[in-house]
Amino acid sequence: MKIHIKYKQLVFAFFMSLSMSVFISFILVSINFGYNSHFLPQWLKTWSQAFICAFFGAYFFPKFIHKIMIKIRFVENEMKDSEIG
Numbered sequence: 013m014k015i016h017i018k019y020k021q022l023v024f025a026f027f028m029s030l031s032m033s034v035f036i037s038f039i040l041v042s043i044n045f046g047y048n049s050h051f052l053p054q055w056l057k058t059w060s061q062a063f064i065c066a067f068f069g070a071y072f073f074p075k076f077i078h079k080i081m082i083k084i085r086f087v088e089n090e091m092k093d094s095e096i097g
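Numbering-wise (this note's numbering), the sequence shown opens with residue 13 and increments by one.
Because the hints were derived from the structure by calculation, they are not lab data. Source: prediction; values computed, not measured. Check each hint, because a few of them may be wrong.
[Claimed, not checked] Here are the computed lysine-lysine pairs in the DSS-like style, where the Cα-Cα straight-line distance is at most 27 Å:
1) Lys14 with Lys57
2) Lys20 with Lys83
3) Lys75 with Lys18
4) Lys75 with Lys14
5) Lys18 with Lys83
6) Lys79 with Lys18
7) Lys14 with Lys83
[To be verified] Cβ-Cβ distance ranges computed for the label pairs, FRET-style:
8) Ser49 with Met13: 34 to 40 Å
9) Pro53 with Ile84: 17 to 23 Å
10) Lys75 with Gln54: 29 to 35 Å
11) Phe27 with Lys57: 53 to 59 Å
For glycine and all other residues, C-beta sits at the position ideal for the given N, C-alpha and C.
Please build the complete structure, drawing on both the sequences and the hints.
Below, the structure written as structure tokens:
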């Protein structure tokens, strides 16, 4: 499968939100409602709503998080007390 590079962030957001929304909604519906005859319909409803939220979050949040990460200085060795702050 070949997809143009300009869609890389969109495809990443799709797969990340798909996997996270499936996983988290399954766990939460299992915990809150248990496994009964209503589990599958309840989970599919919850998952579809979670996917929409997760997709927009996975698409837009990384842009803002990247700006924050640029301001953080990461080091490999331990910092001395005088360097903290």
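Hints, one by one, checked against the model:
no., hint, verdict
1, Lys14 with Lys57, "violated (32 Å)"
2, Lys20 with Lys83, "holds (25 Å)"
3, Lys75 with Lys18, "holds (15 Å)"
4, Lys75 with Lys14, "holds (24 Å)"
5, Lys18 with Lys83, "holds (26 Å)"
6, Lys79 with Lys18, "holds (20 Å)"
7, Lys14 with Lys83, "violated (35 Å)"
8, Ser49 with Met13: 34 to 40 Å, "holds (38 Å)"
9, Pro53 with Ile84: 17 to 23 Å, "violated (44 Å)"
10, Lys75 with Gln54: 29 to 35 Å, "holds (33 Å)"
11, Phe27 with Lys57: 53 to 59 Å, "violated (22 Å)"
Of the numbered hints stated above, those contradicted by the structure are hints 1, 7, 9 and 11, listed in ascending order.
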